[in-house]
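Asker: Protein chains in written order, with my numbering: chain A, 921 to 1672; chain B, 152 to 377.
Please note: incorrect hints may appear among the correct ones.
The calculated label-pair distances, taken between Cβ atoms and stated as ranges, are [as the list claims (entries may be wrong)]: (1) A:Pro1668 to B:Tyr208: 26 to 36 Å; (2) B:Ala284 to A:Gly1632: 53 to 63 Å; (3) A:Gly1632 to B:Leu260: 35 to 45 Å; (4) A:Arg1232 to B:Glu312: 43 to 53 Å; (5) A:Asp1228 to B:Tyr304: 51 to 61 Å.
No more than 16 Å apart at the CA atoms, straight line, and that leaves these computed lysine to aspartate or glutamate pairs for EDC-like [as the list claims (entries may be wrong)]: (6) A:Lys994 to A:Glu1664; (7) A:Lys982 to A:Glu1658; (8) A:Lys1345 to A:Glu1658; (9) B:Lys187 to A:Glu1441; (10) B:Lys187 to A:Glu1664; (11) B:Lys187 to A:Asp1270; (12) B:Lys268 to B:Asp321; (13) B:Lys372 to B:Glu353; (14) A:Lys982 to A:Glu1034; (15) A:Lys985 to A:Glu1441; (16) A:Lys1268 to B:Glu287; (17) A:Lys1345 to A:Glu1664.
According to the in silico footprint, chain A covers these stretches of chain B (three or more CB under 8 Å from chain A) [what the hints assert, rightly or not]: (18) 210-220; (19) 257-270.
Hints in this document: simulated from the structure, not taken from any laboratory.
Built from N, CA and C at the ideal position, the CB exists for glycine as well.
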Amino acid sequence: MSRTPLDTVEHAAATPDVELPWAELGLKKDEYERVVEILGRRPTGAELAMYSVMWSEHCSYKSSKVHLRQFGEKAPQSDAMLVGIGENAGVVDVGQGYAVTFKVESHNHPSYVEPYQGAATGVGGIVRDIIAMGARPVAVVDPLRFGAADHPDTKRVLPGVVAGIGGYGNCLGLPNIGGEVVFDACYQGNPLVNAGAIGVMRHEDIHLAKASGAGNKVILYGARTGGDGIGGASILASETFDDAKPSKRPAVQVGDPFQEKLLIECTLEAFAEKLVVGIQDLGAAGLSCATSELASNGSGGMRVTLDDVPLRDSTLSPEEILMSESQERMCAVVEPEKVDRFLEICEKWDVIATVIGEVTDGDRLEIYWHGGKIVDVDPRTVAHEGPVYERPYARPSWQDELQADDANKLPRPATAEELKDQVLKLVGSPNQASKSWITSQYDHFVQGNTVLAQPEDSGMIRIDEETGLGVAIATDGNGRYAKLDPYHGAQLALAEAYRNVATTGAKPLAVSDCLNFGSPEDPAVMWQFAEAVRGLADACQQLGTPVTGGNVSLYNQTGEAAIHPTPVVAVLGVIDDVARRTPVAFQEEGQLLYLLGDTREEFGGSAWSQVVHDHLGGLPPKVDLERERLLAEILISASRDGMIDSAHDLSDGGLIQAVVESALLGEKGARLIVPDGLDAFTFLFSESAGRAIVAVPRSEEVRFNDMCGARGLPVTRIGVVDGDTVDVQGEFALPLTELREAHESTIPALLK
Amino acid sequence: MTARIGVVTFPGSLDDRDTQRAIRVAGAEPVALWHKDKDLKQVDAVVLCGGFSYGDYLRAGAIARFSPVMEPLLEQAKAGLPVLGICNGFQILAEAHLLPGTMLRNNHLHFICRDQKLRVENAETSWTTDYTAGQEIHIPLKNNDGQYVADAYTLDQLEAEGRVAFRYLDFNPNGSQRDIAGVTNEAGNVVGLMPHPEHAVEPLIGTGRTDGLPFFTSILKKLVNA
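Please take these sequences and the hints and turn them into a complete structure.
Answerer: In structure tokens form, the structure reads like this:
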């Protein structure tokens, strides 16, 4: 972009015929024309930069907005919601005066281009969202999806992503307590790196992103602004990868976790002294986003002098400064008499802080550079009134055929020996194998409040030392189910996360989601997206768990091949006393094992069909949300009243996977009896939803059965915790040592 | 009466609040110290906690070692003030030459977080009297740069003088020489180790064990009885 002469508002008005590189910046022709119409003249270079990043798919949700509205329209009545969709992150009341904020976001594209920095800055971004709400971050979770486990590029992407998450999160002092790692060839060129974070605050400490009060100062603090991540939002996140284009490496930001740690402490100290009127983090679209969102959410306008922004590279143009996605920066609105104290706190923490502007009583966002006005816009047109697309969508032609290819008809093991071999193959398959090679690179212990961390069903953090109040979080998603049926696949993701939270004894309260899909310009993908959102919104309504916010990642597609539709759902729960939590591991020999729920012949999308037959077809397991709710109530009551000592949700891999995990973690085996009416194969491998296994002390047997009976939850005694084998009576017995070898050696061998 | 134990916060310290909690759980009074403090607020002992001071962008602990608070700390430690360095704190003590040796990057080149089995080799330091020599304990370990190294002469001397305070058992998580997890100075008032006792003081939290609590009860008893 030419800067001689400076492209001021005046200059733009006088030179209507100057050609601007709107296409290179990712805008479509009609979008550019809309900008011209809004402004009544051509935009300046700086204005174009702002519109292009803020109107990108990543920032504007232009393709997804019309569908996402359902989360609000169908939101169940919930007293727990304090702040809903639209802010940096949703806030939920968890009782005793505490509020919890949580959110999941994607950093998919950058993590493919540059795995370490892409993943690291994903953690940094979500953590800043949490701080911006006024909360102290207390934990992170990372749902990850990679290409085939044995593909050479997975060996490049996965270790980098894991090291990046660890390198950043560990250095911030945030325990990593949950997440997932899934391998599937469909993610080969498009790994999914989703990052979630939880923060805790008192109700009165909630902060919002708005600039109010004319005369209040706008302070930019944190790292200096550099040339990294320019156009990241518009070019990287909003276009399909295409081999023909030059390397996009420079568009990925570089993280500095030490700077972010200082930013956390410094921000929390400023909050504690009530110095902050409004706050916004700088993530995607950097200053463009922060200034336009703060100004449009407040009551006034804003004037910013871009020359005052501290730079890492003095040659940056104003357009670049506005678009830069340099990490570890925040923007605060502070009353004039509190500015000195705010700057003092920043200095204490060695954080650079600069007043770059002030709130005005107008309604314009004006930005100056070298004395000239280079931006003069209504901030709402930048931040909130971007294009909205009603993209065409259509059920793909292949969907019927896919569903007709019934996994229930696949050949099943004919002998006990074959059944045993398939069990070993399953628990040692990359998706079902232990992920401790990965999770041991994350700090679970820091902050000293971790009650449960992966591989538990949900991560759990104590938030009050006196009362034992705690929160739990689980994230789940199953792209295979969603590919077979996006509506029910999304519901199954919610059901699983909901169940996982309840399995540990916490009451599910609210939902955040990260919706990962292919290109919205493909009607088949758009149909998947529309169906998944509809399914999720319907299910949230039925379960009474509102969506508090989330993130959409589209264009996860290389050429024609889109990823499986992958809605990842995070459920947040609360537990009155973490001492009542229920772990996965078997605790004591002799305890009775019960299966809760109904087991049907459901193998569509199952781990068994993938591992044994490399097959994807048929229908995913049936969804019964009322059953999920009943199961959750039983698990929570049983946990609270001390009726169960361990519990594990049944999902991918079915019952045998769950039993093996509980046995290996508890270092105690199990004797299992195939219940009447079921064959051993279905008993072990079915993935029927709405189920869990629990270990009940003998003294609680009657009470537990009575409770399930009275509430109408099917309960089947399936065995006992015992010995050092997993013994399926009449079929086979596998020593724990052999199971451990199969379960724990796979991932290290693949990634060594 | 109780004892006042200082916990220093450097930029990038992570376990300062946890360490203060562990001190409270043991029954002592934690006192927050800031890295720019020029005095130690008359505390009876000091813990340098874990974290990534200054991001560990230079050698771990190499910058923190020059913080203003280190001046009185060095002086008083040499005069007998009990000092415990945990993880990054151990690295800082090594950089400050209060303890011998240094920590390199883990030999497998990954951050590692695990419940680590240790043997208490020296139960006579200011921080270990509530253990018995030879006792086997589990303490969480989490670090990137935990490989303890020193020259053979120093190692032999440490062994001969009983100054290897803790040794890794069953599994050496980072390639430390002679499985050394922690060491003490000659006087036994300064102890450093890579594992994190402050994360093993409550039965519900972390690994669910309280094997780290004796660090804090040992020092409390020593100070209260003194």
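Asker: All the hints need checking, so say for each whether the structure fits it.
Answerer: Cross-check of the supplied hints:
| no. | hint | result |
| --- | --- | --- |
| 1 | A:Pro1668 to B:Tyr208: 26 to 36 Å | 29 Å, holds |
| 2 | B:Ala284 to A:Gly1632: 53 to 63 Å | 59 Å, holds |
| 3 | A:Gly1632 to B:Leu260: 35 to 45 Å | 55 Å, violated |
| 4 | A:Arg1232 to B:Glu312: 43 to 53 Å | 50 Å, holds |
| 5 | A:Asp1228 to B:Tyr304: 51 to 61 Å | 57 Å, holds |
| 6 | A:Lys994 to A:Glu1664 | 43 Å, violated |
| 7 | A:Lys982 to A:Glu1658 | 52 Å, violated |
| 8 | A:Lys1345 to A:Glu1658 | 12 Å, holds |
| 9 | B:Lys187 to A:Glu1441 | 57 Å, violated |
| 10 | B:Lys187 to A:Glu1664 | 47 Å, violated |
| 11 | B:Lys187 to A:Asp1270 | 12 Å, holds |
| 12 | B:Lys268 to B:Asp321 | 7 Å, holds |
| 13 | B:Lys372 to B:Glu353 | 19 Å, violated |
| 14 | A:Lys982 to A:Glu1034 | 26 Å, violated |
| 15 | A:Lys985 to A:Glu1441 | 14 Å, holds |
| 16 | A:Lys1268 to B:Glu287 | 42 Å, violated |
| 17 | A:Lys1345 to A:Glu1664 | 12 Å, holds |
| 18 | 210-220 | violated (count 0) |
| 19 | 257-270 | holds (count 5) |
The earlier numbered hints that this structure contradicts are 3, 6, 7, 9, 10, 13, 14, 16 and 18.
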